[in-house]
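Engineer: Go ahead and model the full structure; you've got the sequences and the hints to work with.
There are 2 protein chains.
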Amino acid sequence: MTSSHIARCAQLAMVLEVSATPKPGNIDRDHNYMDTRFEHFLASAVGVFPILEKAARSGSGVGSLIREAVLESSKWQKGGNTHFGAFILLIPLVMAAGRCDDIACLKVQVQKIVRGTTVDDAVEFYRAFSEAGVKVKPVKDLDLTDAASTDNIRAQGLTLFNMMEISSGYDMIAEEWTNGFQKTFDYATSIRSKLEKHGINDAVVLTFMELLSKNKDTFIQTKFDDVKAEDVSIRAENILKKGGMDDKIDDIRSFDDELIKEGVNPGSTADLIISGLFVSLYGGMRF
Amino acid sequence: MTSSHIARCAQLAMVLEVSATPKPGNIDRDHNYMDTRFEHFLASAVGVFPILEKAARSGSGVGSLIREAVLESSKWQKGGNTHFGAFILLIPLVMAAGRCDDIACLKVQVQKIVRGTTVDDAVEFYRAFSEAGVKVKPVKDLDLTDAASTDNIRAQGLTLFNMMEISSGYDMIAEEWTNGFQKTFDYATSIRSKLEKHGINDAVVLTFMELLSKNKDTFIQTKFDDVKAEDVSIRAENILKKGGMDDKIDDIRSFDDELIKEGVNPGSTADLIISGLFVSLYGGMRF
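Residue numbers (this note's numbering), protein chains in the order written: chain A, 1 to 287; chain B, 1 to 287.
The reader is advised that the hints may include incorrect statements.
Copies of one chain are not kept apart here, so a pair can be met inside one copy or by any two copies together.
[Claimed, not checked] For lysine-lysine, the following BS3-like pairs were computed, each having C-alpha atoms within a straight-line distance of at most 27 Å:
#1 75 with 194
#2 194 with 214
#3 194 with 248
#4 228 with 197
#5 112 with 242
#6 248 with 54
#7 75 with 197
#8 241 with 197
#9 228 with 214
#10 194 with 78
#11 107 with 75
#12 112 with 194
#13 241 with 75
#14 261 with 214
#15 54 with 75
#16 197 with 78
#17 248 with 197
#18 197 with 261
#19 241 with 261
Keep in mind the hints are simulated off the structure, nothing from the lab.
Structural biologist: Dropping the structure here:
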């Protein structure tokens with residue numbers, strides 16, 4: 001598979017994720033926030049192509065590739081940080097895809113790539129983090145808004161994988177890095193299994209709901225608290241228990257309206273849907 | 001400007017056009033047809049990147065590039081023909097963009113490119129045309145569903161520009177080729193002028209309505225007749241005369257519902273919006 005093909009799978013994953021509606025609490029084709037809109041996500045996904053294509057040809061440099069992706073995204077739109085979490089997952093996956101022809105190989109290679117990250121990767125990641133103006137703090141006891149962080153990272157000899165290990169207990173994106181991208185591969189299968197019956201939009205929406213029901217979203221935990229995140233997951237679980245698809249979709253829509261009103265956006269769940277979509281498309285999913 | 005940057009401007013133009021809503025009669029983020037859906041247009045726009053990038057590096061081969069774009073688009077989605085008309089406009093514009101740094105240069109170069117097309121370009125275009133399964137017949141008295149067409153084109157020594165000259169009197173896409181892409185450049189300016197006040201979605205919708213009000217859509221003329229196309233243009237004109245933006249949008253929404261119900265889709269107008277968006281983005285428009 002060419003690096004260009006792999007990069008387009010990643011672009012399309014980002015475009016399909018943000019388009020899927022109703023996706024409770026998040027920006028989608030029918031919902032915008034005040035300063036960040038649907039179109040900002042589209043422009044970011046399109047704009048970042050050359051960094052994805054470069055990643056598919058790269059054997060190292062995870063941290064600087066994430067940083068380059070964040071910078072390129074911001075050149076194409078004025079909506080601020082759109083895909084930071086997604087890039088943390090996509091960059092190693094895209095790099096692994098460049099070495100593989102199938103999903104079995106991808107599972108092995110992506111682990112090699114994240115475990116092979118260096119202190120330089122951690123420093124570049126820190127830079128990307130502050131440049132993107134991300135609110136979530138990914139590493140406990142390490143203030144990433146502080147200019148001294150780079151020195152701390154170097155002094156402690158922390159690789160990017162080490163940083164993810166520290167936060168993996170409470171951050172679902174970091175957990176993907178340390179557990180072999182398990183949810184990414186599981187939910188890729190889930191999307192694909194729902195495609196024929198439900199079509200691409202509803203396959204993504206239902207998988208998003210499944211993921212949300214089974215995992216407290218990190219973004220909600222950070223912005224609100226653990227109780228709020230758990231409450232959202234329980235609500236999602238109860239909706240999925242409903243019988244018919246029409247009933248489910250009506251309830252998902254009301255749930256969406258409510259979360260949007262409260263400013264509760266399960267952003268980390270959306271990031272995982274992007275990585276799952278990428279794996280599905282890389283594996284040959286068409287619709 | 002790099003060929004990759006130019007290709008991404010074209011991708012984003014296609015993605016923004018199909019997303020803009022309500023866009024009377026056409027597929028948009030809130031409207032699908034039975035067999036062709038919003039997501040098919042997104043996948044086509046993303047998938048066609050390498051052909052656009054190649055076009056930005058190419059000095060000739062308009063016909064085969066259009067054909068390659070149609071073939072690549074169909075590999076990424078199962079919704080059939082999504083962007084044939086758009087490619088007829090985008091390919092020469094993207095090729096011209098590869099030789100330029102600004103819109104003034106683009107205006108000159110795109111004319112050189114279309115006027116320099118050959119008989120081979122016409123033959124390749126004919127092949128793309130039958131492969132895409134397009135319903136609109138672009139050249140009078142030349143049955144493009146007939147396998148003998150290639151021989152006819154060669155026997156008559158028709159270049160692709162000649163073919164467009166023949167149909168320019170009744171086909172707004174062909175007319176762009178023969179009159180220096182006048183509407184493309186005019187409506188690029190229109191989109192950009194509306195951006196600050198209305199945002200990207202409504203800037204596209206209002207420009208689409210302006211274009212529709214002033215020009216009978218070729219796709220409607222072919223699928224229905226001239227009277228229907230004129231009726232649609234008059235309706236669009238009357239809506240634009242309304243005072244406030246809210247009133248306009250309500251009326252555009254009702255107009256949209258009605259056209260969708262009747263199966264009246266102004267597809268050629270959408271193609272011109274894509275070429276206009278491309279020029280705006282190439283000229284540096286960000287949002």
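Engineer: Does each hint hold? Answer for all of them.
Structural biologist: Structure-based check of each hint:
no., hint, in the structure
1, 75 with 194, "between (35 Å within a copy, 21 Å between copies)"
2, 194 with 214, "within (18 Å within a copy, 44 Å between copies)"
3, 194 with 248, "within (15 Å within a copy, 39 Å between copies)"
4, 228 with 197, "neither (33 Å within a copy, 38 Å between copies)"
5, 112 with 242, "neither (41 Å within a copy, 62 Å between copies)"
6, 248 with 54, "neither (41 Å within a copy, 45 Å between copies)"
7, 75 with 197, "between (39 Å within a copy, 21 Å between copies)"
8, 241 with 197, "within (18 Å within a copy, 45 Å between copies)"
9, 228 with 214, "within (14 Å within a copy, 53 Å between copies)"
10, 194 with 78, "between (35 Å within a copy, 17 Å between copies)"
11, 107 with 75, "between (32 Å within a copy, 26 Å between copies)"
12, 112 with 194, "neither (30 Å within a copy, 50 Å between copies)"
13, 241 with 75, "neither (43 Å within a copy, 37 Å between copies)"
14, 261 with 214, "within (23 Å within a copy, 41 Å between copies)"
15, 54 with 75, "both (17 Å within a copy, 23 Å between copies)"
16, 197 with 78, "between (37 Å within a copy, 15 Å between copies)"
17, 248 with 197, "within (15 Å within a copy, 38 Å between copies)"
18, 197 with 261, "between (31 Å within a copy, 25 Å between copies)"
19, 241 with 261, "within (24 Å within a copy, 35 Å between copies)"
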